[in-house]
Amino acid sequence: MGFLTDAFFYEVLIAGLLAGVMYSLVALGFVLIFKSSGTFNFAQGVLALFAALTLVGFMAGQLPFAHVINWLLGTEWRYWYAPPGVEGEVPPLWFVLLCIAMTTAVMIALAWVVVRVVLRPLVNQEGIILFMATIGLAFVLEGVGDLMWGANVKRLDIGLPSGPSDMIIDATGMFVEKIEISAAVVAIILVASLTLFSQYTKMGRALRAVADDHQAALSVGISLETIWWIVWSVAGIVALVAGIMWGAKSGVQFSLSLIALKALPVLILGGFTSIPGAIVGGLIIGAGEKLFDFYIGVPFLGGATENWFAYVLALGFLVFRPQGLFGEKIIERV
Amino acid sequence: MLYREAGEFKTSYQADLATFPIRIELWGFWSVMAVAVLVVPFFVNDYWEQAIFLPFFVYGLAALGLNILTGYCGQLSLGTGGFMAVGAYATYKLMTSFPGLDMISITLLSGLITAGVGVFFGLPSLRIKGFYLAVATLAAQFFLIWMFNKWGWFYNYSASGQISAPERTMFGLAITGPYTHPAVTYLFCFGFLFVFAWVARNLVRGRVGRSWMAIRDMDIAAEIIGVNPLMSKLSAFAVSSFYIGMSGALYFAVWKGAAEGTEAFSITVSFNVLFMIIIGGLGSIFGSLIGAAFIVLLPVVFKNVFVGALGWPTDIATHAQIILLGGLIIGFLIAEPHGIAALWRTAKEKLRLWPFPH
Chain A
1 MGFLTDAFFY EVLIAGLLAG VMYSLVALGF VLIFKSSGTF NFAQGVLALF
51 AALTLVGFMA GQLPFAHVIN WLLGTEWRYW YAPPGVEGEV PPLWFVLLCI
101 AMTTAVMIAL AWVVVRVVLR PLVNQEGIIL FMATIGLAFV LEGVGDLMWG
151 ANVKRLDIGL PSGPSDMIID ATGMFVEKIE ISAAVVAIIL VASLTLFSQY
201 TKMGRALRAV ADDHQAALSV GISLETIWWI VWSVAGIVAL VAGIMWGAKS
251 GVQFSLSLIA LKALPVLILG GFTSIPGAIV GGLIIGAGEK LFDFYIGVPF
301 LGGATENWFA YVLALGFLVF RPQGLFGEKI IERV
Chain B
1001 MLYREAGEFK TSYQADLATF PIRIELWGFW SVMAVAVLVV PFFVNDYWEQ
1051 AIFLPFFVYG LAALGLNILT GYCGQLSLGT GGFMAVGAYA TYKLMTSFPG
1101 LDMISITLLS GLITAGVGVF FGLPSLRIKG FYLAVATLAA QFFLIWMFNK
1151 WGWFYNYSAS GQISAPERTM FGLAITGPYT HPAVTYLFCF GFLFVFAWVA
1201 RNLVRGRVGR SWMAIRDMDI AAEIIGVNPL MSKLSAFAVS SFYIGMSGAL
1251 YFAVWKGAAE GTEAFSITVS FNVLFMIIIG GLGSIFGSLI GAAFIVLLPV
1301 VFKNVFVGAL GWPTDIATHA QIILLGGLII GFLIAEPHGI AALWRTAKEK
1351 LRLWPFPH
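Listed in order, the protein sequences are those of chains A and B.
According to the working numbering, numbering within the first sequence proceeds without interruption in unit steps and concludes at 334.
According to the working numbering, numbering within the second sequence proceeds without interruption in unit steps and concludes at 1358.
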């Protein structure tokens, strides 16, 4: 096992694990919604994109739908307020927090609309119908997001540390991005708080009741709609966090919504209903695809195996354990 | 007033089970076909061929294939783009390796090759189902596209990584290549769609089709009453991939003439075909075709009406089109989960009784 002493091995491994954390952040949103409503939310990635676009828009003081308004009225409006702070620098903290709060409010409002318009009329439909409805939702959100804030690639800078970490370079000689470490920390905080929320609060108990059995939950007086609204709001906030992290790392652009697809194999590995599973799955996928590409993909297969490795790994895994690592055992009855 | 079964008496089961049970419907169908074969080829020009008819025939075949798998057998697939790529690259390799083969055999052979690949990627469906299977088919999508891009053998090591169709003729008429006549390609693709829509229609109401539907409705119950899930699922994968492979072959060789794996057969194609069968109607042959027509026409209409006639800026029209598409999907799932085909059926029921309410 010569490669275990190879410094590259650890560098690739750590890069993979940290990239995996990013996948996990998206996968978390999926798990939340799947647990409580049995809906496989394909729009989670677009939700992250939408949240990031909205945050960038608020931070720049961009006028929503400026493009459409200018076209209709023949005006040249772009901004509705000038953001505080010096241009080109990180804006002051209070402003960043305000913008995040406003974006959160938008996500909560969006969750309400989604529950009202999409989910409520589809109560009791099969999972696959709901899944396809969320594909439709993803398209609508993508179009609306682009119309609202413009389709160009945007920079998102809210003052998170960026660049390689000097401390780690000095200590071990490895190149690790600071932003990825922050993402890992944020993910840990997020998972801890979500677990606490679902285990120890009344609301969390209601969520778990709904996840267990819709009808039984309804019969003891839990309002399905409220629960769904809360869940979609929480998923929206998780999407915002994912959007911030991805946006800070590689800019806010359409490809953000494609990471939703990468989150699918993560979910398969971790199981659709397990929050820790989403994290572990993300780490396995992230590390696996980086290592595979480094040791097998680039030397033997011509590279770019990251495109498919996650899916093939998930596929191989499924054949042996269809419910995922931490998922509940699937029992079927006629 | 016209749509009535009054005065038509069926004397055999065969007549009762006909696809078009009412005479006027049958006549309507054949007159549309007659117009399509005898009239349209004389008027079709390059624009109509390239923008409307060939896309409709090609995507119609793909939608038929996906509908067999997803609508009839209940196995959700997001790998349509990948399987179309298999068909396209198989066609390319066959065309370049066996210059003597005619295009009909090549298309059929490409379909068969794709069917083999489809069965391979369908194997996991015996263990997993639903969304899990959807992810498994994503593996097919991404792996196949990557393979066609990276392995030079598939594109004959051409410098651009593109594949382009050499010229092939049948009965002295060019079917592929730069010198085709719109009417020839139109009839060629129309023939494929017609024959295979007919095959599909008869497959799904026969023994195989019923076993697919039993698996779709409840696989465990189906297994208990004696439907073999292995055979049903794999045959659905095989037939579906056969159709999708032929569609990929026609897409590459006849319609576009050239293709580049990542662009032409990306995940977007998979979604588009999925939308076709959702909007058209899951589990309906007519629905697959009407859905394909709808998705093919939507951008054309949008471009002509909103950009061309009303003068909308192109980018706003593009976004509006995406929003409309998504909204339509949600709307259809809410209002009529079985798509336009079900609306059509309801309309026919109403029409039979019109103007009386009962």
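By construction, these hints were calculated from the structure, which means they are not laboratory data.
What you are looking at is a predicted structure, and each value in this text was computed from that prediction instead of being measured.
Even for Gly, the Cβ is constructed at its ideal location relative to N, Cα and C.
Be a bit skeptical, because a hint or two may be false.
[To be verified] For each label pair, taking beta carbons as the anchor points, the in silico distance ranges come out as:
1. A/Q199 to B/L1297: 47 to 55 Å
2. B/A1183 to A/F65: 25 to 33 Å
3. B/F1009 to A/I331: 34 to 42 Å
4. B/M1218 to A/S193: 38 to 46 Å
5. A/F300 to B/R1345: 33 to 41 Å
6. A/S193 to B/L1298: 51 to 59 Å
7. B/V1305 to A/F65: 16 to 24 Å
[As the list claims (entries may be wrong)] Facing chain A, a subset of chain B residues (Cβ under 7 Å, in silico):
8. V1119
9. F1120
10. I1128
11. A1136
12. V1227
13. P1229
14. L1230
15. I1334
16. H1338
Quick check on the hint: B/I1128 CB to chain A CB, less than 7 Å?
holds (5 Å)
Per the CB criterion, is B/L1230 less than 7 Å away from chain A?
Not OK, violated: B/L1230 not within 7 Å of chain A, min 14 Å.
Checking hints one by one. Is B/P1229 an interface residue toward chain A, by the C-beta closer than 7 Å rule?
violated (12 Å)
Taking the beta carbons of B/A1183 and A/F65, is their distance inside 25 to 33 Å?
Violated - the Cβ-Cβ distance for B/A1183 and A/F65, about 46 Å, lies outside 25 to 33 Å.
Do B/M1218 and A/S193 keep their Cβ atoms within the hinted range of 38 to 46 Å?
Roughly 40 Å apart at Cβ, these two residues keep to the hinted range, so it holds.
Has the hinted range 34 to 42 Å been met by the Cβ atoms of B/F1009 and A/I331?
violated (52 Å)
Going by Cβ atoms only, is B/I1334 closer than 7 Å to chain A?
holds (4 Å)
Cβ distance range 16 to 24 Å for B/V1305 and A/F65, holds or violated:
holds (22 Å)
A/F300 paired with B/R1345, Cβ distance criterion 33 to 41 Å:
Since A/F300 and B/R1345 have Cβ atoms about 54 Å apart, the given range 33 to 41 Å is violated.
Measuring from beta carbon to beta carbon, are A/Q199 and B/L1297 in 47 to 55 Å?
holds (52 Å)
Hint check: 7 Å Cβ-Cβ cutoff, B/A1136 to chain A:
Holds - the Cβ of B/A1136 comes within 7 Å of chain A, reaching about 5 Å at its closest.
Holds or violated: the hint that B/V1227 contacts chain A, with Cβ atoms closer than 7 Å.
Violated: closest Cβ of chain A sits about 13 Å from B/V1227, beyond 7 Å.
In the structure shown, a violation is registered for the earlier hints numbered 2, 3, 5, 6, 8, 9, 12, 13, 14 and 16, in ascending order.
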